[in-house]
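S.K.: One-letter residues, chain by chain:
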Amino acid sequence: MGSITSPIREPLVTGNKTYGQITEDICAPTERAPSLAWVVAFMIANALAAIFLFASLWTVWQGIGTWDLNRTVGWGWDITNFVWWIGIGHAGTLISAILLLFRQKWRTGVNRAAEAMTIFAFVCAGQFLLIHMRRAWLAFFIFPYPNTRGPLWVNFNSPLLWDVFAISTYATVSILFWYVGLIPDLATVRDRARGFRKRIYGIFSFGWTGSAKHWQRWESLSLILAGLATPLVLSVHTIVSFDFATSVIPGWHTTIFPPYFVAGAIFSGFAMVQTLMIITRYALKLEDYITIGHIESMNKIILLTGTMVGVAYLTELFVAWYSGYIYEQFAFFNRAMGPYWFAYWAMMTCNLVTPQIFWWKKMRRNIYVTFIMSIFVNIGMWYERFVIIATTLARDYLPSSWSLYSPTWVEVGIFIGSIGLFFTLFLVFVRVAPVVAIAEIKHILKSSGDQYQEKNERYAEQKQFSEKN
Amino acid sequence: MAKSKNVLFGLYDDDDILVDAIKTAKNQKLDIMDVFTPFPVHGLDPALGLAESRLHIAGFVFGLIGAITAMGFMSWISVSDWPIIYGGKPYWAVPSFIPITFELTVLFSAVGMVIVFLTICGLGPGVSAKVLDPRITDDKFCLAFDVSNMEEDEQTGLRKFFEETGASEINSKTI
Chain A
1 MGSITSPIRE PLVTGNKTYG QITEDICAPT ERAPSLAWVV AFMIANALAA IFLFASLWTV
61 WQGIGTWDLN RTVGWGWDIT NFVWWIGIGH AGTLISAILL LFRQKWRTGV NRAAEAMTIF
121 AFVCAGQFLL IHMRRAWLAF FIFPYPNTRG PLWVNFNSPL LWDVFAISTY ATVSILFWYV
181 GLIPDLATVR DRARGFRKRI YGIFSFGWTG SAKHWQRWES LSLILAGLAT PLVLSVHTIV
241 SFDFATSVIP GWHTTIFPPY FVAGAIFSGF AMVQTLMIIT RYALKLEDYI TIGHIESMNK
301 IILLTGTMVG VAYLTELFVA WYSGYIYEQF AFFNRAMGPY WFAYWAMMTC NLVTPQIFWW
361 KKMRRNIYVT FIMSIFVNIG MWYERFVIIA TTLARDYLPS SWSLYSPTWV EVGIFIGSIG
421 LFFTLFLVFV RVAPVVAIAE IKHILKSSGD QYQEKNERYA EQKQFSEKN
Chain B
1 MAKSKNVLFG LYDDDDILVD AIKTAKNQKL DIMDVFTPFP VHGLDPALGL AESRLHIAGF
61 VFGLIGAITA MGFMSWISVS DWPIIYGGKP YWAVPSFIPI TFELTVLFSA VGMVIVFLTI
121 CGLGPGVSAK VLDPRITDDK FCLAFDVSNM EEDEQTGLRK FFEETGASEI NSKTI
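Line by line, the protein sequences give chains A and B. Take the first sequence: its position 66, counting from 1, is numbered 66 in my numbering, and each next residue is one higher. Take the second sequence: its position 61, counting from 1, is numbered 61 in my numbering, and each next residue is one higher.
Calculated directly from the structure, the hints in this document are not laboratory data. What you were told as hints is all true, and nothing was included just to trick you.
Heads up, incomplete: computed chain B residues facing chain A, CB under 8 Å, no partners named: (1) Asp34; (2) Trp82; (3) Ser96; (4) Cys121.
Coverage of chain A stretches by chain B, computed from C-beta distances (three or more under 8 Å per stretch; other residues unrestricted): (5) 146 to 153; (6) 180 to 187; (7) 231 to 237.
Below, in silico cross-link-like pairs of lysine-lysine (DSSO-like), each with a Cα-Cα straight-line distance of 27 Å or less: (8) Lys130(B) - Lys198(A); (9) Lys213(A) - Lys23(B); (10) Lys17(A) - Lys198(A); (11) Lys213(A) - Lys29(B); (12) Lys5(B) - Lys130(B); (13) Lys213(A) - Lys26(B); (14) Lys198(A) - Lys5(B); (15) Lys130(B) - Lys26(B); (16) Lys213(A) - Lys5(B); (17) Lys300(A) - Lys362(A); (18) Lys213(A) - Lys173(B); (19) Lys198(A) - Lys173(B); (20) Lys213(A) - Lys130(B); (21) Lys160(B) - Lys213(A).
On a predicted model such as this, the values are computed, not experimentally measured, just so you know. Where a beta carbon is used, it is the ideal one built from N, C-alpha and C, also for glycine.
In isolation and in its complexed conformation, chain A is listed as follows:
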């Protein structure tokens, strides 16, 4: 008998699965012809991705003047979208790294897809970084390389440069973590495949055999990568928040930003994981691996982080009033009552008020409620970034330079298109790789499979009995 978990814990794998069935259930979606729903979804995602391509090429070709940015509002939808996507990416690493360190077994059902989501969210976020630099072909200027201008180096005191390192490190480590986890599962797909498919998966599975020593090193590597990724994920959004917090703009210049941004990132990331997983588990018939219990666990994190974000909003308001600093006070008054009041209240409603519904177990375990809430949170977190960026910039110290900002069709196109890009990548991923970590599910089967629940219970009773006597 492997490890025994508490018999009162909910099973994480239902349907009386054997090892063979797990392989079959998870590999099958990559082996059969795509369903009509997939084809339709893929076409829509592709069409949106085409809009992204067109609108971003338009920006690069015509210049940044195609956006509605002006002298005061230097950041608009571009950085809003960038921070939104980066934030979404955080859930994947949280699930795979932090929950691994906390030995949360429910992570096995969702970690693969969440990590993939992280990477695709990064691809989208990276596009905004590139485009917003005005001359995307000179983007390499941000790296400190020996150049012919002196060499003139980048400014190591700037949070924007820290961001360059944080984002590129995070992207690299996420990809490594994800791929190392995929290797054994790709080997499973390889060993089931024939002909050309077998050769392709043979290349990508790196010659994995499942040797005991390899598994030992693989587990060791996963654990240390998790240990490294945990402070990394906290550092990335901390540094993103420094982009704002180290400036002297009222409403940005606050020490609450790092923890508040990190909580918000995890919050929005889990919402996106819910959106994706609820569709995926239904479409690929993975209800036995991504159970209501998994969804409930994620809803608990959404409730926790959402409330943390809410407390941060209220703290900001209190501190603005309590500081006695009129510019800070005005910044927050302006957010709630100024020209962008709708964005502020959308943010407050979607992030602070509506997630409180998850205090009720019945709501946490309701798929429809969860799905609607996940969309709400996605919208709310987008508005949060918009409120922080555009609202603040539109009302500067000098009333003479106040301005307003609304996006042009190009900016809207890039944003809507980036969602298409994200879904295109995700839809390709569910076709070519196992969306649930096969080896990890097998690893927890004997402690968390439903057919072992009774056995575990009996074992616990016996043990109690023998201890008594």
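Once you've looked at the hints, dock chain B against the given chain A.
M.R.: Below, chain B without anything else, positioned relative to chain A:
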């Protein structure tokens, strides 16, 4: 290129049976070549007597290299190569350098460890897997013996061992 081996292997249906079989093999002082499983089996390493992986040492060393590289590079640029005063801070503004030093520590450590992992395991793109049985990555648990230099009666003994420990199949293959 290593010489090809004749491998005699038994396939078990369950990880618990496999771990018991390994313990029996260890008691009989049989020389196990390798064990192949579809997932990391709990309790396998102590049963096989595998020493703990030293991969974390590689992680530490690469991390240290990353930290020194980042701090050294930024210090050299800001103090010696092109000193510029930013915001009235000293040239050697250590607090400003900490985020990048941290990031590069993690980056070097992670990339280095993955490269070391792939190298010592002999894995990489294009490496062809020496698969004894395709079901090993599915639901079979494999215990393998190298019988290249073994007499016939010794091999018969191994077959008997497999039968006694509950192997569902016994096969041989040259890899």
